Amino acid sequence: MSDQAYNFAYLDEGTKRMIRRAILKGIAVPGYQVPFASREMPMPYGWGTGGVQVTAAVLTPGDVLKVIDQGADDTTNAVSIRKFFQRTAGVATTERTNEATMIQTRHRIPETPLTGDQILVYQVPIPEPMRFLEPRETETRRIHALADYGLMQVRLYEDIARHGEIATSYAYPVEVAGRYVMDPSPIPKFDNPKLDDCPAIQLFGAGREQRIYALPPYTHVRSLDFEDHPFTASKADHACAICGSGTSYLDEVITDDAGGRMFVCSDTDYCAQNAKGGA
Amino acid sequence: MYVAVKGGERAIDAAHAWLDRSRRGPVDQPVLDTAQIRDQMGLAVTRVMAEGSLYDPDLAALAIKQACGDLIEAIFLIRAYRTTLPRFGASIPIDTAAMRLKRRVSATFKDAPGGQILGPTFDYTHRLLDFRLMADGELPTEPLAEGGETESAATPHVLSFLNRDGLIEDAAPDETPPADLTREPMELPADRTLRLQALARGDEGFLLGLAYSTQRGYARNHAFVGELRIGMVAVEMDIPELGFAIEIGEIEVTECETVNQFKGSRSEPAQFTRGYGLTFGQTERKALAMALVDRALRWEELGEEDQGAPAQDQEFVLSHCDNIQATGFLEHIKLPHYVDFQAELELVRRLRAGLSDQDEDAA
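Those protein sequence lines, which keep their order, are chains A and B.
In terms of our numbering, the first sequence has 131 at position 131, counting the first letter as 1, and numbering is strictly consecutive.
In terms of our numbering, the second sequence has 92 at position 92, counting the first letter as 1, and numbering is strictly consecutive.
A portion of the hints provided could be inaccurate.
[Said to hold, decoys possible] Derived pair list, reagent style DSS-like, types lysine-lysine, alpha-carbon separation capped at 27 Å:
{"hint": "1", "chain 1": "A", "residue 1": "235", "chain 2": "B", "residue 2": "334"}
{"hint": "2", "chain 1": "B", "residue 1": "110", "chain 2": "B", "residue 2": "263"}
{"hint": "3", "chain 1": "B", "residue 1": "334", "chain 2": "A", "residue 2": "83"}
{"hint": "4", "chain 1": "B", "residue 1": "334", "chain 2": "B", "residue 2": "65"}
{"hint": "5", "chain 1": "A", "residue 1": "83", "chain 2": "B", "residue 2": "65"}
For the record, the hints were derived by calculation from the structure and aren't laboratory data.
A quick note: this is a predicted structure, and the numbers were derived from the prediction, not measured.
This is chain A alone, in the form it adopts within the complex (with noise of 0.2 Å):
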């Protein structure tokens, strides 16, 4: 049932228009950050107001739309989001990856690989790769512009030279079809590999900071790394709990006072369906 006070997923045409033009951008120039003139949404900034803007932007009647936060389906913020759309645009919702043509996610890619026929959308907060090295978008811009990212090569060698390794263990940036370093949002980078060459169309949306960028499908994304330090995908040393998995990534859960803990899968439908042995 939807919401007839609104317009369909509630932002008015003109404003998906404005949106679709800024992902239009986004893929005609994969990794850019194209600024967009944000709304102020019926949720709060930082609760994912981008990547429902793109998510609405987007949708269309027929769709079957998958929400998920920390990879599962049931967190508050994926129930609230996936709510919304159910109100406002009373479309098809669905907890299987392979059954949704339109996911929305925040910090996670699903385990279950995507295809050509679905478009994933990220929740961003701080689109930008280069904001914790130079905080002013005046200058950052200048960055991207000249693809002058030495300070970022300079950054990960700093951290081999202190730690023996990269320590950035998510929302680790990568470099798009050989131009724009990018920010693929605060995924573990155990999930970088699969921005890789992926089928499915990849829209990343930060309300608050007004940007939208995108990795049209078989984008080569590559992890920055050295070649005598190459990037690794990682992820606790343990198989689910529940499923037994022993290539997904896994939240773990404080069991009891005395130090115990459980590592199980953080993608809900993937654990659900590997446990059944339909995986």
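Following the hints, complete the assembly by docking chain B onto the known chain A.
Frame of chain A; chain B shown alone:
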């Protein structure tokens, strides 16, 4: 066996029901009417209108009630509603010289044409809790003084008298249509019209702190309140079918013009300069702060020195003055971050393990 935590949906519904109940309070008390909030909590209402960028006292009162008195939450409700409204067009600039004044003070001249009107101000109240207000809400017995609001006869701005002698920088009208902060992404560096738009909807507390920092020497600009006026102004709009502008309503605004000392630079003669603040409703703390910050941000065009002060740094000020953006990003750290935290845990454990390996090697 461990079962993954489910039930986010039920938890959300239950939380909302609890919120509704706690908003209502004990049912043996009468429910708070939005008209009471609108008329008896007027300064809260005008703050919500100013920072919500929507002039509608009834909706602001509703938002305050719905937000249980949390003004930033109320401002957010108004912003979220505002963004869904259609746009018919832009009004012609309001004429604040034609304001029907309820308050007008100048700190630079003892008297000026039009006089000074204190109006309904806290300025000279003694801040002693008035327990009579707790006992009852009766009107004071003192009769209202003669005068009250002025009629709409134009009261010239105090700064225009200085301007006549060329002692203050000229503020020539600029007919360029201003950019719209709510329809286009903010581009930096921003011109003054865009900066003023951002400051007008910026957080009162943030601007207060910044303005105060300039007074304490972080880019001090020696502000005098040339004039502070509060009152009603007409909003007029050009109607294409008619070919002229008609009045479509009236709004209350607070306008503050500061006179700032300026010694002159290589490019500018010695003269006074201006800072400007304009906000919805009776919001004079905000208007004053806005004027000081506006002036501080003008250092470059006036050929002043960059002292590296926060109030001079437009990217710093404009990127952080919006309380809806700020509170959203601040509060989002309450949301689940299991995945990134897990990634960090694993990294820290690995780095520590590497360190103990090295210790063993050394031993």
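Which hint numbers does the structure go against, in order from smallest to largest?
-> Structure breaks no hint.
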